[in-house]
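Undergrad: Guided by the hints, dock chain D with the ligands onto chain U, whose structure is given.
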Amino acid sequence: MIKPRHPLIELRRLHRYFGTTRAVQDMSFEVYSGEVFGYIGPNGAGKTTSMRILATLDEPTAGDAFVDGFSVIDDPDRVRRRLGFMPDYFGTYQNVNVREYLDFFARAYGLRGHERKQAIGSVMEFTMLDKLAKKPIDGLSKGMKQRLCLGRTMIHDPAVLILDEPAAGLDPRARIELREMISQLATMGKAVLISSHILTELAEICDKVAIIETGRLLAVGTVDEISETSETSSHVRLRLLGNEQPMVDWFAKRNDISNVSVNVGLITLTHEGGQEAQALLLREVIEAGFQVVEFASKQKSLEDVFLHVTEGKIQ
Amino acid sequence: MSSSDLTTAEETVEPATTDRLDAVMRRGLEWLEAAVDRVNPIMVKETRQALKSRQFVLTFFLVLIACWITSFAVVAIVGPEVYYVAEGPTMLSFYFGILAFPLMLIVPYTAFRSLAVEQEDNTYELLSISALSTRQIITGKLGSAVVQMLVYLSAVSPCIAFTFLLRGVDTLTVALLLFYFMLTSLGLSMMALLAGTAARARYAQVILSVVLVLIFAYFLAGAIASSTMFILESYRFIRDPWFWIVNLAFLTAYATTFALVHSAAAAHIAFNSENRSSPMRWTMLVQQACFLGWVTVMLMAEGLRIFGDAAMFTLTVSAAYWYAMGAVLTSEWPYLSRRVQRSLPKSTLGEVFLTWLNPGPGTGYMFCIANFSFVAILAWALMFAMATSSGTTTSFFTEQFYVVVCWSYLVIFLGAGKLLIGLARRFIYVSLTAGVLLHVLLMLTAIGLPQILDYLAHPQQFRVEYSLLHISNPFWTLSLLANQSPSGFGATNPITLATLLIATALVVVLLNIRATWGEIQHQRQALPTRVAEEEAELHPTPESKPQSPWES
Ligand SMILES: Nc1ncnc2c1ncn2[C@@H]1O[C@H](COP(=O)(O)OP(=O)(O)OP(=O)(O)O)[C@@H](O)[C@H]1O
Ligand SMILES: [Mg+2]
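Residue numbers (the numbering used here), protein chains in the order written: chain U, 1 to 315; chain D, 1 to 552.
Same shape as in the complex, but just chain U:
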């Protein structure tokens, strides 16, 4: 895929303070066409705040953000035409059905006549809302609303999509479908910024993720890059034949091992080093004459990576 000269989304030293609360502090990153960019952080990390700034609903205290090269401060009108924003709430109208809802936003984005009908048709098909066309939107379930919300976001075929926790409230099947939809959007050449609390949820579909906390970027890169940098230690479980105490003493002399504990014959410890170092450790243990009956190392899950990178502070 040919990358355009400029990124479709760019944050340039973005700051947003609410009084003394620093919701966003000095954030910079870029997202190019065809990329899905995951935005991960705990509650109050500043995800929604920065997304709202990108969607021209709020203004930065300092710094600027650009969508397709247009500043969100100076040219919000131009930004709006090429951006679809799916907020973490659903805006509902009384006495309106699914089709009319989409029709209204299609009109609001300046789609006319045949073009509009086509847009509504393809969006309803994409989000699988065809069968609900006549259903009043007040009566939709949470998952249906999420779909409709996504449909509304893409009605004007924007080049940039900003989705704030789109998977919240979806059942497992719907989550999988959502992931498929998002991957599909990326192959259509759109830049997608998507937020979530859960790294695992995004790991498969994101080309890049950013982990943020208290308004700061803690790590940016592909999921592998991030887990590599944080995967310096792992949990190891051992079971021996006979007395554990010599083993514990033997471990105590090594400086790559910590947190050794014994619990009903089961030794658990934390080992610094990658998988190769672990294989070496096992060989050394056996060569030292210990009778190992069980050796298991727990690979750090993405959850652990997330917990490792963030500190769980809430503003």
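Fair warning: there could be bad hints in the mix.
The calculated lysine-lysine pairs, modelled on PhoX-like cross-linking and capped at a C-alpha distance of 20 Å, are [as the list claims (entries may be wrong)]: (1) D:K52 with U:K134; (2) U:K142 with U:K131; (3) U:K135 with D:K52.
Selected chain U positions facing chain D (in silico; Cβ < 7 Å) [said to hold, decoys possible]: (4) L57; (5) D74; (6) Y89; (7) R99; (8) E100; (9) A108; (10) R112; (11) F290.
Each pair of labels, with its calculated beta carbon distance range [what the hints assert, rightly or not]: (12) D:R26 with U:E177: 46 to 52 Å; (13) U:T20 with D:R113: 33 to 39 Å; (14) D:Y335 with U:E125: 47 to 53 Å; (15) D:L165 with U:Y89: 28 to 34 Å; (16) U:G121 with D:V211: 45 to 51 Å; (17) D:L437 with U:D207: 49 to 55 Å; (18) D:L51 with U:R175: 33 to 39 Å; (19) D:N247 with U:T20: 31 to 37 Å; (20) U:E125 with D:A204: 43 to 49 Å; (21) U:Y89 with D:I377: 55 to 61 Å; (22) U:T187 with D:A532: 30 to 36 Å; (23) D:S157 with U:E177: 30 to 36 Å.
Hints are computed from structural coordinates only; laboratory data are not their basis. We put the beta carbon where it would ideally sit given N, CA and C, even for glycine.
TA: Chain D with the ligands in isolation, oriented as in the chain U frame:
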């Protein structure tokens, strides 16, 4: 179609005509769809919503039923004579009374609520980031108010048509009344929308809705009373040419004020970097031009005789107008956004004349002063013309005082208020509304403080005499001058008074020029390359456009 072989000549015509009919129908539908496409999206959506809304349908039927009951009641009471006695006017005023209820109360209140509901249901943000401009949003809301008005009107119209069968009703009266009812309803809706855009917080919404309902109720009562009066007396007005001239003058005032309020409402919901002030300033210029135009018409009709009074009238109305507008303009934020700086005038000519239309309190102050000075000079010229033609200079002498003192007051109050706001902004955030409130506070202090001081000095005195202490009270001073009663000034010498005021005015202007200087130093900024690129893409420039002297 194989059966066509068997058909008679008569029948073969039929498919052709139905085909043609079909084609016409299809073209008609296509045309209709294309027409609806051009209609404001908000209007389309809200009309759809209204038709499904229980509240709307209920009101519609209530109006309908009220009309029918009234009709039957009157017919039953009057009996068969209904066609002979002139009951038309009575019934007509009943119907207009019924119509006033939805038009003056329900439609404007719905307009106010419709913005609030968008905020409560979280749709407002979705709407604001769509491709609709803020003006389109306001126009759409107004449009759906008009649709509702028409629907309510359609409920009453059969009854109104019925009164034509009776005696004593003429078409012109009914048409005029309907027109003014719609106009009032539209104006109230516009006002309601402005209020809706201004008040975002919940408590403000609650207070405003109470105030608005009171205003609407006042207009409702007024509409009922004046329509009844007009139905009975219209024959007298309609023959008078002045009635029509006053109507036209009123309509220009209505249209220009409507445009101004529309811009203000749109400005309230526009994004921060947008130029929200210049369109309003242009509208003010137009409004002033219309006002002066109508004054000219009046002068031409009535001649030299009224020049003096006309001058005083024009000056006073203009002073009130520019004080109100100035209170808003001088409360604007003093920093120009980068977006606004892109559209600053480039040429020297443009800088001299158009800079004052740029946003900012300093330019706003100068804009108001310049406009009012223009009116003051015109007023003076009128007085001069009258004095020279009549040869009596006694009244001209005090009239001149009036002009000078009036001008000084405007310059002083707007300027001092602006300086005050500037000072306050060094320490705290002062919004536009807060700025206007500061202006009001300043005026109240200027009027009230001397009164209190006077009272403290002479507590036993019941009536306060004018003294130089009250120089800060523009209303008292000006009314004494207007009544041409130098005796009212007591011991105060009017010449001292005027000199003091002019001197203060000049000082205030000088102080403000210092503050304004920084504001007008901004140079036009080049378009960002990305914006220029897109502009070139969207609107490829025609080869050579004649250069206007205002640009280049
Ligand atoms: N309008 C506001 N006024 C004051 N503080 C705000 C406002 N909006 C957000 N904040 C603060 O900014 C910080 C970041 O909030 P934000 O909504 O961006 O977090 P988030 O990452 O979206 O969290 P969540 O996962 O819970 O949605 C929080 O501390 C929040 O309290
Ligand atoms: Mg959030």
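Undergrad: Determine for every hint whether it applies to the structure shown.
TA: These are the hints, each one checked on the structure:
1. D:K52 with U:K134: holds (13 Å)
2. U:K142 with U:K131: With a Cα-Cα distance of about 16 Å, the restraint between U:K142 and U:K131 holds, given a limit of 20 Å.
3. U:K135 with D:K52: Holds: U:K135 and D:K52 sit about 14 Å apart, inside 20 Å.
4. L57: Holds - the Cβ of U:L57 comes within 7 Å of chain D, reaching about 6 Å at its closest.
5. D74: Nearest chain D Cβ about 5 Å off; hint holds.
6. Y89: holds (5 Å)
7. R99: violated (11 Å)
8. E100: holds (6 Å)
9. A108: holds (4 Å)
10. R112: It holds, given that the least Cβ distance between U:R112 and chain D is near 5 Å, below 7 Å.
11. F290: violated (63 Å)
12. D:R26 with U:E177: 46 to 52 Å: violated (39 Å)
13. U:T20 with D:R113: 33 to 39 Å: At 36 Å between Cβs, range holds.
14. D:Y335 with U:E125: 47 to 53 Å: holds (48 Å)
15. D:L165 with U:Y89: 28 to 34 Å: violated (56 Å)
16. U:G121 with D:V211: 45 to 51 Å: Check passed, 47 Å falls within 45 to 51 Å.
17. D:L437 with U:D207: 49 to 55 Å: About 53 Å separates the Cβ atoms of D:L437 and U:D207, which means 49 to 55 Å holds.
18. D:L51 with U:R175: 33 to 39 Å: holds (38 Å)
19. D:N247 with U:T20: 31 to 37 Å: Taking Cβ atoms as reference, D:N247 and U:T20 lie about 59 Å apart, which means the hint is violated.
20. U:E125 with D:A204: 43 to 49 Å: holds (44 Å)
21. U:Y89 with D:I377: 55 to 61 Å: holds (57 Å)
22. U:T187 with D:A532: 30 to 36 Å: holds (32 Å)
23. D:S157 with U:E177: 30 to 36 Å: Given range 30 to 36 Å: violated, Cβ gap about 53 Å.
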